[in-house]
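4 protein chains.
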Amino acid sequence: MSVTLAQAQTIVRAALEHGTEQGFNPLTVAVLDTGGAVVALGRQDGSGYLRPDLATAKAWGILGMGITNRALAARAADSPEIYTSLVALAGGKLVSVPGGVFIRDADGTLLGAVGISGDASLNDEAAAVAGIAAAGLVAETGAED
Amino acid sequence: MSVTLAQAQTIVRAALEHGTEQGFNPLTVAVLDTGGAVVALGRQDGSGYLRPDLATAKAWGILGMGITNRALAARAADSPEIYTSLVALAGGKLVSVPGGVFIRDADGTLLGAVGISGDASLNDEAAAVAGIAAAGLVAETGAED
Amino acid sequence: MSVTLAQAQTIVRAALEHGTEQGFNPLTVAVLDTGGAVVALGRQDGSGYLRPDLATAKAWGILGMGITNRALAARAADSPEIYTSLVALAGGKLVSVPGGVFIRDADGTLLGAVGISGDASLNDEAAAVAGIAAAGLVAETGAED
Amino acid sequence: MSVTLAQAQTIVRAALEHGTEQGFNPLTVAVLDTGGAVVALGRQDGSGYLRPDLATAKAWGILGMGITNRALAARAADSPEIYTSLVALAGGKLVSVPGGVFIRDADGTLLGAVGISGDASLNDEAAAVAGIAAAGLVAETGAED
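Chains as they are written, first to last, in our numbering: chain S, 1 to 145; chain Y, 146 to 290; chain G, 291 to 435; chain V, 436 to 580.
Treat the hints as calculated values from the structure; they're not laboratory data. What you are looking at is a predicted structure, and each value in this text was computed from that prediction instead of being measured. Treat each hint with caution, since some may be false.
Covered stretches of chain G, going by a simulated chain Y footprint (3 or more residues, C-beta under 8 Å) [to be verified]: (1) 327-337; (2) 351-364.
Pair by pair, the computed Cβ-Cβ distance ranges are [claimed, not checked]: (3) Y:Ala251 to S:Ala73: 42 to 52 Å; (4) Y:Asp190 to G:Ala423: 20 to 30 Å; (5) Y:Thr179 to S:Thr20: 19 to 29 Å; (6) V:Gly526 to G:Ala367: 13 to 23 Å; (7) Y:Ala233 to G:Glu430: 30 to 40 Å; (8) V:Ala578 to S:Gly136: 45 to 55 Å; (9) Y:Asp252 to S:Asp45: 18 to 28 Å; (10) S:Gln22 to G:Ala367: 19 to 29 Å; (11) Y:Ala288 to S:Leu50: 25 to 35 Å; (12) Y:Gly253 to S:Ala74: 30 to 40 Å; (13) G:Glu307 to Y:Gln167: 38 to 48 Å; (14) S:Met1 to G:Glu430: 14 to 24 Å; (15) S:Asp107 to V:Gly526: 35 to 45 Å.
If we take Cβ atoms under 7 Å as the criterion, some of the chain V residues that face chain G in the derived model are [what the hints assert, rightly or not]: (16) Thr439; (17) Val473; (18) Val474; (19) Leu476; (20) Arg478; (21) Pro487; (22) Asp540.
Where is the CB? At the ideal position from N, CA and C, for every residue including glycine.
Just need the whole structure built from these sequences, with the hints factored in.
Put into structure tokens, the structure is as follows:
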């Protein structure tokens with residue numbers, strides 16, 4: 001079971017609205033299913049042409065490893081060597097900074113992930129969380145409460 | 146000047162609605178700006194995970210060469226060798242079958258391209274044309290009138 | 291919802307047993323989930339080292355496009371150019387000969403695909419069908435009844 | 436002479452059982468022959484889609500260099516530059532953290548290697564050692580006794 005197109009479009013729209021309301025830089029939002037394929041993507045006017053790849057990478061890497069960006073960052077801090085190998089294995093599609101957020105349903109079932117790029121990492125992440133909430137789903141960022 | 150996010154989202158939504166109304170297989174729609182970067186993408190539930198790449202390729206190749214899918218097909222028929230080189234140079238992101246459509250404004254200015262994959266090529270193309278019309282823009286397929 | 295490890299291991303074991311019983315060449319069997327990631331793989335002694343990639347490709351390509359090997363073959367016959375682009379987009383992980391078979395449950399829900407390489411294509415396919423049946427699941431090859 | 440499919444399947448099964456008994460995260464186990472090709476692979480439900488590549492990389496890198504993960508780590512500490520080249524040459528399929536373990540017979544003859552990913556590196560390694568022992572073979576991790 002993965003995020004539907006309708007849910008993904010809601011996430012994209014609400015995440016971009018959050019960015020606009022907060023005065024963020026132009027954002028790119030990608031919503032991926034559990035297998036790592038894009039379901040919906042939106043790039044705001046003025047968001048650079050590498051942003052779709054970067055937004056996708058933020059979501060792809062956490063889905064591929066099954067751990068959050070923050071856990072990836074901890075792994076990179078513990079062992080820079082394995083992080084180098086991971087990035088190479090992933091063809092660059094793995095990022096340790098915030099902005100990739102797991103999407104779960106109310107029961108905790110994994111439905112996919114959102115990746116956002118364009119502003120500061122924590123702002124990207126906040127937009128993703130807002131988008132997921134707007135779709136009535138549950139965000140997992142790996143941040144301490 | 147390129148297609149805006151708002152226009153691109155309208156194209157994605159209307160193209161997918163056209164496919165649903167016509168009973169097409171699940172479609173994937175990608176809208177690219179004049180630089181070949183994705184502005185918006187939507188993949189209907191049940192559309193395979195290679196479809197985003199294929200939809201993107203249909204638009205990317207015509208933008209990169211500045212000629213329609215049909216002109217690419219004529220080129221391939223005239224000279225299979227150059228077509229082989231083109232596909233390799235493009236990393237596969239160039240397709241000669243219908244389903245990649247230029248987006249122009251009323252004055253004929255190029256704004257980007259739409260690529261669609263999922264059903265028969267002419268159906269994919271018809272959905273792209275419907276999407277572009279819904280955004281109040283002009284489609285160029287290369288088909289004879 | 292995708293094939294479980296237990297189901298995938300049953301498919302691998304039963305497919306290889308079928309090959310041995312029928313006197314096929316050594317086979318390699320790969321079972322992929324709906325997102326195209328390997329769940330289980332087994333390579334019989336004497337099966338060459340490219341066989342894991344080829345077996346995986348047979349399953350990956352049909353899942354990525356959502357159509358059977360035979361439908362891919364028909365597409366290639368209709369338009370060799372698009373087939374060339376598809377193989378390039380897939381990084382070679384797309385094959386039009388038999389030996390990649392969809393796995394469905396009794397309700398028709400897609401659970402993944404099996405790819406087999408090592409003997410004649412129709413024998414590879416027969417082993418995949420035998421493996422899927424042994425797991426109590428439903429095989430879809432695209433062959434006419 | 437390399438690990439047989441029967442031995443490799445025993446290693447996969449016993450390694451995964453070890454992980455389950457110990458309460459590890461879901462694991463992916465890959466068993467490679469002396470030429471670096473996969474003989475058997477199993478991915479537990481919930482183990483991410485990048486794990487097959489990472490498990491394979493842990494075994495592939497030590498076989499390719501003929502030294503253990505720990506010797507690779509020492510090499511990386513001594514000379515980060517050569518390690519960077521190694522990872523690039525290997526396309527990422529070389530990892531210096533524990534979890535790749537050589538398989539030898541009672542006489543010390545090299546038969547292949549096991550790679551495991553999913554939990555802490557030392558837990559991955561312990562599961563590999565358990566799997567190799569269950570097949571009546573000898574594990575070499577490079578750890579001090």
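### Query
So which of those numbered hints doesn't the model satisfy?
Violated hints (numbers, rising): 1, 6, 10, 12, 22; every other hint is consistent with the structure.
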